[in-house]
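Chemist: What follows is the residue order along each chain.
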Amino acid sequence: MKKVFQKPESLTDAKNHYCPGCSHGLIHRLIAECMDEMNIREKTIGICPVGCSVLAYDYFNCDMLEAAHGRAPAIATAIKRLLPDRFLFTYQGDGDLASIGMAEIVHASARGEKITVIFVNNTLYGMTGGQMAPTTLLGQVTTTSPYGRKAENEGYPMKMAELLSSNEGSAYICRTAVNNPANINRTKRAIKKAFQVQEKGLGFSMVEILSACPTNWGLNPLDAMKWIEDNMVPYYPLGEFKVKEEQ
Amino acid sequence: MERVLMKGNEALAEGAILAGCRGFFGYPITPSSEIAEYMARKMPKIGGVFVQAESELAAINMVYGGASTGARVMTASSSPGLSLKQEGISFISEAELPCLIVNVSRGGPGLGGIQPAQSDYFQATRGGGHGDYHTIVLAPSGSQEMMDFAMEAFELADKYRIPVMIMAEGTLGNIMEPILMREPVTKFSEKPWATTGCRGRKPNIVNTLHLGNEELESRNHQLFNKYQIIKENEKRADAFLVEDAEIVVVAFGIMSRIVKKAVIEARKKGVKAGLVRPVTLWPFPDEHIRTAAKNARLFLSVEISMGQMIQDIQLALAGRVPVEFYGRIGFTPNPEEILQEIMRLAEREGL
Ligand SMILES: Cc1ncc(C[n+]2csc(CCOP(=O)(O)OP(=O)(O)O)c2C)c(N)n1
Ligand code: SF4
Numbered sequence: 001m002k003k004v005f006q007k008p009e010s011l012t013d014a015k016n017h018y019c020p021g022c023s024h025g026l027i028h029r030l031i032a033e034c035m036d037e038m039n040i041r042e043k044t045i046g047i048c049p050v051g052c053s054v055l056a057y058d059y060f061n062c063d064m065l066e067a068a069h070g071r072a073p074a075i076a077t078a079i080k081r082l083l084p085d086r087f088l089f090t091y092q093g094d095g096d097l098a099s100i101g102m103a104e105i106v107h108a109s110a111r112g113e114k115i116t117v118i119f120v121n122n123t124l125y126g127m128t129g130g131q132m133a134p135t136t137l138l139g140q141v142t143t144t145s146p147y148g149r150k151a152e153n154e155g156y157p158m159k160m161a162e163l164l165s166s167n168e169g170s171a172y173i174c175r176t177a178v179n180n181p182a183n184i185n186r187t188k189r190a191i192k193k194a195f196q197v198q199e200k201g202l203g204f205s206m207v208e209i210l211s212a213c214p215t216n217w218g219l220n221p222l223d224a225m226k227w228i229e230d231n232m233v234p235y236y237p238l239g240e241f242k243v244k245e246e247q
Numbered sequence: 001m002e003r004v005l006m007k008g009n010e011a012l013a014e015g016a017i018l019a020g021c022r023g024f025f026g027y028p029i030t031p032s033s034e035i036a037e038y039m040a041r042k043m044p045k046i047g048g049v050f051v052q053a054e055s056e057l058a059a060i061n062m063v064y065g066g067a068s069t070g071a072r073v074m075t076a077s078s079s080p081g082l083s084l085k086q087e088g089i090s091f092i093s094e095a096e097l098p099c100l101i102v103n104v105s106r107g108g109p110g111l112g113g114i115q116p117a118q119s120d121y122f123q124a125t126r127g128g129g130h131g132d133y134h135t136i137v138l139a140p141s142g143s144q145e146m147m148d149f150a151m152e153a154f155e156l157a158d159k160y161r162i163p164v165m166i167m168a169e170g171t172l173g174n175i176m177e178p179i180l181m182r183e184p185v186t187k188f189s190e191k192p193w194a195t196t197g198c199r200g201r202k203p204n205i206v207n208t209l210h211l212g213n214e215e216l217e218s219r220n221h222q223l224f225n226k227y228q229i230i231k232e233n234e235k236r237a238d239a240f241l242v243e244d245a246e247i248v249v250v251a252f253g254i255m256s257r258i259v260k261k262a263v264i265e266a267r268k269k270g271v272k273a274g275l276v277r278p279v280t281l282w283p284f285p286d287e288h289i290r291t292a293a294k295n296a297r298l299f300l301s302v303e304i305s306m307g308q309m310i311q312d313i314q315l316a317l318a319g320r321v322p323v324e325f326y327g328r329i330g331f332t333p334n335p336e337e338i339l340q341e342i343m344r345l346a347e348r349e350g351l
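Going down the list, the sequences are from chains A and B. Using the working numbering, the first residue of the first sequence is number 1, and each one after it goes up by one. Using the working numbering, the first residue of the second sequence is number 1, and each one after it goes up by one.
The set of hints was computed from the structure by calculation and includes no laboratory data. Among the hints, erroneous ones may be present.
[Stated by the list, open to error] Partial chain A-side listing against chain B, Cβ under 8 Å, derived:
#: 1; residue: Glu42
#: 2; residue: Cys62
#: 3; residue: Ala78
From a predicted model like this one, the values you see are computed outputs, not experimental measurements. The C-beta atom is built at its ideal place from N, Cα and C for all residues, glycine as well.
So that you can see chain A by itself, here it is in the shape it has in the complex (with noise of 0.2 Å):
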């Protein structure tokens, strides 16, 4: 019999503690599908988050380290800086990259890093109960803005993809989301793209996903798909911000 579909190499068995309907373990499934395509996985290194996927290098079946909360760029910084020829990954929240490491992303993304950060937009942090994140949106109740995110208190959510665009040291950045069958297709071709603008050593390379908390939505896990397309999407537009080619 013909195998059409298994399991990617560059999962481990391990069973995964995100709850129904959650984007990450399909995010991570995607990274490992393209790291399975590019023949990377023993050449890769990954960096996991403080955050819903802290646990994630139990997941990825090549070497991991685990993050001080919002650090990750700066440690893949020194170790592909010491190992050129390695992947590095970075796998961050928003409340990971765009709060507490803001400093560390944005100067990642400055330096010119060879690496690929791969960021999950959920609006909210989901490990610590549903909080408001810096990509929280206008209107958007959560339990620190229980009376919804109001611009004049909390100010303006954060478009991370346009803002580290703008960085002469980015090389891709792409916006995508994991809402129906189509994007997911398109954030897995975002990702494989990224991986091999760092194989190329153009620079640095970012695909902000748009997913789902559902569990902090309080929405079931098809309500929460489509509250990606109706209220995420036209904020957070998709698409490539940034696609530096080849001298």
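Following the hints, complete the assembly by docking chain B with the ligands onto the known chain A.
Modeler: Relative to the frame of chain A, chain B with the ligands by itself:
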């Protein structure tokens, strides 16, 4: 061997390079910046990595990443920068990543001033960040030791898989003294735990998370068993004229050299003074303190702070001998004022 004149900070940087350090990650701050500047000049020429980080937080996390590859890596900073590094030092300690962290220390709290100080003693010797941990802390007293201790630090770090800190007052970074150049290190230990890509082996994980109660407890016990072994093997101190000493002065770093002069002068005046100079601040050389207490009527801790090491001396003596304190901050006590203090105490005690 060649004798050269070198600034303390540069001697330390060159010592690190001789020890095989090939990654430096730092953020400028007086009086430590010459270490970064030296590394910025040297690293590209020897195939090493130099990154000026965006902050001390980033720098110490680069050390975390760099050390996880198995390379010898370091960072250097000064007191306010060390405060920012504490998050990373806690993580590095838990992940058991060998590395060198240098504090060319200055006065605080807050922005304080750039005068040399020893007021980061508690921060250095108690762990400094969150959680139960220690780093080995070495306190050099001159340019030669800046070089030698940097080299030793990497050996200790690899041997015990622990971050090693060098704590040197700003003075030591800046003074120029002739030193003997050392031979480069050529033998390095294997690091099978390093995250370098899993070709031909199972994936390695560098991690500090322990969610289970039992796992967390046993992890802390593992670390403390290691600290116990370090305490048994690595306590170091120099003793000077302590055999018959009735007043034992304790001082580390540059302060120990200044105190030595005062002790010699006190002897000339007929006061039986002696000196214990802790070389390791953690583990604290408590046995050396107790040995020096044989004939002591009084101990005197001299520090460039409001009095921190005095607590370790008191712990070591457990009330057997009283411990006095003399310290300044903003100024470094000079031999005359220390001598005066020794004489005052000697008279008070009828020695
Ligand atoms: C220094 C520090 N501050 C705060 C926390 C608590 N904390 C853990 S996860 C987290 C937020 C994670 O949110 P996000 O990055 O959006 O990831 P998600 O859980 O949504 O995937 C916070 C604030 C921490 N672990 N460390
Ligand atoms: S809380 Fe949200 S982000 Fe975290 S695992 Fe559950 S669904 Fe996923």
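Chemist: Hint by hint, note whether the structure agrees.
Modeler: Verification of the hints:
| no. | hint | result |
| --- | --- | --- |
| 1 | Glu42 | holds (4 Å) |
| 2 | Cys62 | holds (5 Å) |
| 3 | Ala78 | holds (4 Å) |
When held up to the earlier numbered hints, the structure conflicts with none and fits them all.
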